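So you can see what is in the structure, the chains are spelled out below.
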Amino acid sequence: MNPIITKSIRIHQGRVISDGITLMENREVNVFGEFIRLVYKFAGMSYPKFYKMDDLCKLGLVAAELCLNGRELTNEYGKDKIGLVVQNGSSTIDTDKEYQRTIDDRENYFPSPAVFVYTLPNIMLGEICIKNKIFGENALMIEDSFRADSLHRHTSLLFGNGRIHASLTGWIELNAEHYDAFLCLVESDSGKRDGMPFTADSLGKLYQIQ
Amino acid sequence: MTEQELIDKLKEEIIKQLNLEDQKPEDIDPDAPLFGEGLGLDSIDALEIMVLLEKNYGIKIEDPKEGKKIFFSVRTLAQFILENQKPA
Amino acid sequence: MPVYAIADHILCSLGDGTTSVWNRMLAGESGVKYHNRNDLFSGPFWASLIETDNYSRIADQLNAGNEFTRFETICLHSIKEALGRTTIDPASPDTVFILSTTKGNIDLLEKKNQGRFNEDRLMLWKSGRLLSQHFGNTSHPIVISNACISGVLSVITAFDLLKAGHFRHAVVCGADIASEFVISGFQSFKSLANGPCKPFDASREGLNLGEGVGTLILSVDNEAAKDPAQVCVAGGGSGNDANHISGPSRTGEGLYVAIQHAMNCSGVSPEEIGFISAHGTATPYNDEMESKAFSTAGLGHAPLNSMKAYFGHTLGAAGVIETIIAIHSMKEKTLLRTLGYSEYGVPEIITILDRNTPAEVRHTLKTASGFGGCNAALVLSMCSGNHPSN
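Going down the list, the sequences are from chains A, B and C.
Counting with this note's numbering, you get residues 324 to 533 for the letters of the first sequence.
Counting with this note's numbering, you get residues 63 to 150 for the letters of the second sequence.
Counting with this note's numbering, you get residues -4 to 385 for the letters of the third sequence.
Think of the hints as simulated: they come from the structure by calculation, not from any bench.
Owing to the predicted nature of the structure, the values given are computational and were not obtained by experimental measurement.
Take these hints with a grain of salt, some might be off.
Unchecked claim - A few chain C residues facing chain B, derived, Cβ under 10 angstroms:
(1) Ser183
(2) Phe184
(3) Lys185
(4) Ile240
(5) Ser241
(6) Thr246
(7) Pro342
Stated by the list, open to error - Result set (DSS-like, lysine-lysine): computed pairs, CA atoms no more than 25 angstroms apart in a straight line:
(8) A:Lys364 with A:Lys330
(9) C:Lys106 with B:Lys117
(10) C:Lys185 with B:Lys117
(11) B:Lys73 with B:Lys131
(12) A:Lys420 with C:Lys106
(13) B:Lys86 with B:Lys73
(14) A:Lys372 with B:Lys86
(15) B:Lys71 with B:Lys117
(16) B:Lys73 with B:Lys117
(17) A:Lys420 with C:Lys158
(18) C:Lys158 with C:Lys106
(19) B:Lys71 with A:Lys454
(20) A:Lys330 with A:Lys454
(21) C:Lys121 with B:Lys78
(22) B:Lys130 with B:Lys73
(23) A:Lys372 with A:Lys420
(24) A:Lys420 with B:Lys71
(25) A:Lys330 with B:Lys131
(26) C:Lys107 with C:Lys121
(27) B:Lys71 with B:Lys122
(28) A:Lys364 with B:Lys78
(29) C:Lys185 with B:Lys122
Claimed, not checked - Estimated spans, in silico, between C-beta atoms of each pair:
(30) B:Lys127 with C:Lys28: 43 to 53 angstroms
(31) B:Gln147 with C:Ser198: 29 to 39 angstroms
(32) C:Arg245 with B:Glu128: 19 to 29 angstroms
(33) C:Glu355 with B:Lys127: 41 to 51 angstroms
(34) C:Asp34 with B:Gln147: 28 to 38 angstroms
(35) A:Ala499 with C:Arg350: 18 to 28 angstroms
(36) C:Arg245 with A:Gly485: 24 to 34 angstroms
(37) C:Phe130 with A:Lys456: 39 to 49 angstroms
(38) B:Asp84 with C:Thr329: 51 to 61 angstroms
(39) C:Gln225 with A:Asn498: 26 to 36 angstroms
Backbone N, C-alpha and C define an ideal beta-carbon position, used for all residues, glycine too.
The task is simple: from the sequences and hints, build the whole structure.
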């Protein structure tokens, strides 16, 4: 039984798009930090921890929120059967640079634990798991750009041997003011829901049209 | 600096250092617990307050366990600083 | 179709080559030393570093023109050594390269290194490509950066890919170097022990960082091994605590989920596990969490060790290096003691190895846990003839 894509979200270039439809647009705000706060509010979130996260985690968390769209997957699939398979390009380069600045000068040397903890790209997966009570598989892979084929392959392997029955699968990237989040909700096909067949081709198309 | 002045200053610093954007200084009760149910701070915040103490007040806490009492509330933190701060 | 562990190599504080590292571990030697290196930290620290003589020799052979970074140099060396124990063609599209690392070339961010290399060398995908292309490989390399479970997750990914027939051979390289970035970060977390670490011990107070590289080559073709493989990878999985990004779960739930996935995938039951190579960082909360997860999973009976006091926590390399040592423990029929451990210090009942113990183990569990609440578990099984034991 092949999985299906039941929802997709893309956040880039001042826009939030779901399944090809623009949900929100703001071209006036050029700073990512301000833009993502608007998206956070648009998503109707109230989660004080959001403000403590680095920008990559904020992007991932809000993308996951919009992709889940109120669905409580843990009730449907079991909390340990929901996975996260995410590609990213620049790891945590912005936060790495911010942390490095706290240790560059021995005369003014105050390494910040709250910054350091965000210098691992999979922390974004942890934040999504905490917020949504997801206990299943995690995989964070680094690619030079969004790669539909390897994203599809990895997610399929996990579905194939029964380790996941649903996943948030996508590409979440942040480097300076360039941001791009693309996340799909992929589910085992129970016949109860509509969706696109989960293929590399579908992933590629959904990414492109948005 | 009086205790009250220091409390007001600490509130601002904590909000800034810990990115508590949704909090205003007047919302923080100086006697409420910072951790757990109060402000809801966690272990990373505790470490970050230690950095704040060192950076802004020159006070180093070596033993994290010591922090528990000192970091109970904004007031206990202010009192600790007043007792331990070296004259500038 | 069995997935054989056909060749490996380790470079760390305990030497260059798996045999040399294994022999020094067997002798109870620790590579964790007191260092006062101003280039790595503002004060003294305990860590496990690759010996300067070893690094210089390798760099002279491989990197005479200074075209590679320290991180790239140790990876290239390790992959070359491991490939030398096989007949596989690294350039073949049947072979995939998988790189496991947390921070790769992070030292290039330091002021003193700026301008030495193009800025894209900081990118981990660039590291993966540089390594695979060095060996003429044309498959798209995979780079896994999932904190401290990266290594175990990379071995699981290699297994899954081979099992599903995507490739015939996988070169899994896990590496991280010592850097001021990482040392100061762990120090700011107050996670570093002021002395050699003591996993699962009552007086444990923190971890030691380590630098190192491990390469493990998996293949569906045992003929590709110069010495036929004796151990196979049988399956694995991961799970998240969904609790806190830096503190381990108080219940061990995420690790328990990972173990369940590994058990289901491999078809091995908890009673059949004869050895656990645990994560065992020696921080108070981590080791406590592991004891709970192992106990809940019905694994309290299995002899268990942590290797962290031998060569420190090597981060992205840890899962690969420790899997290799676990494989050798099975082959040598010897389980190594948990160096640094003397007094029982975790809440649940587990069987901590306090002396080197002869044992014929058919199935081993390797686990890892890391920042972001992630956990991974992997089952290794003795190959029986050309068939896996399960």
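Earlier hints that do not hold, by number: Violated hints: 6, 7, 17, 18, 19, 21, 24, 25, 30, 35, 39; rest satisfied.
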